[in-house]
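Chemist: Here is what each chain is made of, one letter per residue.
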Amino acid sequence: MNWTANDLDLYMQQQEYIDTAIIPLVHIGSGGAMKQSASSAEFLMNLAAFIERQFKGRVVLFPPFSYTDGNDKSRLASEWSASISDMPFKHVFHLTTDPSWSREGIIPDAIWIPSIPLESMDKKLKQSVLEDQVRQIIPVLTARWTSE
Amino acid sequence: MSNTRVSRRQFLNYTLMGVGGFMASGMLMPMIRFAVDPVLEAGAAGDYIPTSQKVSELTEEPVRVDFTYDQVDGWYESEVTGTAWVYKEGDKVVALSPVCKHLGCTVNWAGDSAHPNQFFCPCHAGRYEKNGQNVPGTPPTGPLDEFDVKIEDDLLYLGATKPNTLI
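Chains as they are written, first to last, in full-length UniProt numbering: chain A, 1 to 148; chain B, 1 to 167.
Since the hints were derived computationally from the structure, they do not count as laboratory data.
Honestly, I wouldn't trust all of these hints.
To be clear about the criterion: a stretch of chain B counts as covered by chain A if any three or more of its residues have a C-beta under 8 Å from a C-beta of chain A, and this derived list gives those stretches [as the list claims (entries may be wrong)]: (1) 90-104; (2) 120-128.
Calculated Cβ distances over 10 Å to all of chain B for the following chain A residues [claimed, not checked]: (3) A5; (4) G31; (5) G32; (6) T68; (7) N71; (8) D72; (9) D86; (10) K90; (11) S100; (12) P108; (13) D109; (14) I116; (15) M121; (16) D122; (17) Q133.
For every residue, glycine included, the Cβ atom is placed at its ideal position computed from N, Cα and C.
All chains should be modelled from the sequences, with the hints used to inform the complete structure.
Modeler: Here it is as structure tokens:
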């Protein structure tokens, strides 16, 4: 499900089946890091859309949660997860290309995916690259689903 | 010079008839054109989307065929990639939609090693037979949709989805 009114209507009716929130964590860099962070965000959002399509009936893809270098990550994460835990999701998956979330233990189970610059690829290559990445992430997701 | 004389009365009659005819047709033509317009509208033949799949390479084993098309939603224009599971049934080409009838996940052929000859939905373990028939006892409530199929120069074209006709 996407974060749209129509999809959330369906979610309201089928909460027992749609039990997973997918939250992309998007870094917004400043200065020279702007392009690099845009490229990562592009990759991450493409990947998230792909996962959403594959698992439409089980996940809700949240709008990207974006932060800058000036944000206090641990405070952001605790405020954010407090609100999310009020929602009836059994599983919350954070997708990010920024390794600091899991490395610094802020969100220990954040799924880190190394960013691949998609901007110079043609459509076919882009699609197959994303497919490969999704194929690697699917076992991570299904393992967490079956672990409980 | 012609020797038949046209009287003033005849001349005026002809002129009035000619001008009146023009005026009448000027009014009627657009009316008739509007009335028959729905009939003249071009059929939706352009709705078939070409794929790169060669029909001669298809077998009885379903293969994934991707196709792309533009979608405009409000101001948000995007290129959407669609997928179909295509196989040959005798000489007939069958293209099934991969969208699970339960909640819309994407199903995979032989996605579950315990059921190698079925479509499998990874979200809630829904299963379908090869012809799209949903396996009773799994969450899906109906069979997989089917695509309209067109073959041109050995290439596969996919049209609109329709309810499954194989069952």
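Chemist: Against this structure, judge whether each hint is valid.
Modeler: Consistency of the hints with the structure:
1. Closer than 8 Å: that is the beta-carbon criterion, and the stretch 90-104 of chain B has 4 residues meeting it against chain A, so the requirement of 3 holds.
2. With 4 residues carrying a beta carbon less than 8 Å from a beta carbon of chain A, the stretch 120-128 of chain B meets the three-residue requirement, and the given coverage holds.
3. In this structure A:A5 is separated from chain B by more than 10 Å, as the shortest Cβ-Cβ distance comes to about 13 Å.
4. For A:G31, the requirement that its beta carbon stay farther than 10 Å from each beta carbon of chain B is met, with the minimum near 30 Å.
5. Chain B leaves A:G32 outside its interface by the beta-carbon criterion, the shortest separation being 30 Å against a cut-off of 10 Å.
6. The beta carbon of A:T68 sits about 25 Å from the closest Cβ of chain B, which is more than 10 Å, so the claim that it is off the interface holds.
7. The beta carbon of A:N71 is kept farther than 10 Å from every beta carbon of chain B, the shortest such distance being approximately 28 Å.
8. Under the 10 Å C-beta cut-off, the non-interface status given to A:D72 relative to chain B holds; the minimum distance is some 33 Å.
9. The claim that A:D86 lies off the interface holds: its Cβ sits roughly 23 Å from the closest Cβ of chain B, which is beyond the 10 Å cut-off.
10. Listed as a non-interface residue, A:K90 keeps its Cβ farther than 10 Å from every Cβ of chain B; the least gap is roughly 13 Å.
11. Listed as a non-interface residue, A:S100 keeps its Cβ farther than 10 Å from every Cβ of chain B; the least gap is roughly 31 Å.
12. A cut-off of 10 Å between C-beta atoms confirms that A:P108 is not in contact with chain B; the least separation is 25 Å.
13. For A:D109, the condition that its CB be more than 10 Å from all CB atoms of chain B holds, with the nearest at approximately 20 Å.
14. Non-interface status of A:I116 relative to chain B is upheld: no Cβ of that chain comes within 10 Å, the nearest being about 18 Å off.
15. The beta carbon of A:M121 sits about 14 Å from the closest Cβ of chain B, which is more than 10 Å, so the claim that it is off the interface holds.
16. For A:D122, the requirement that its beta carbon stay farther than 10 Å from each beta carbon of chain B is met, with the minimum near 12 Å.
17. Distance to chain B confirms A:Q133 as a non-interface residue, since its nearest Cβ pair spans about 15 Å, more than 10 Å.
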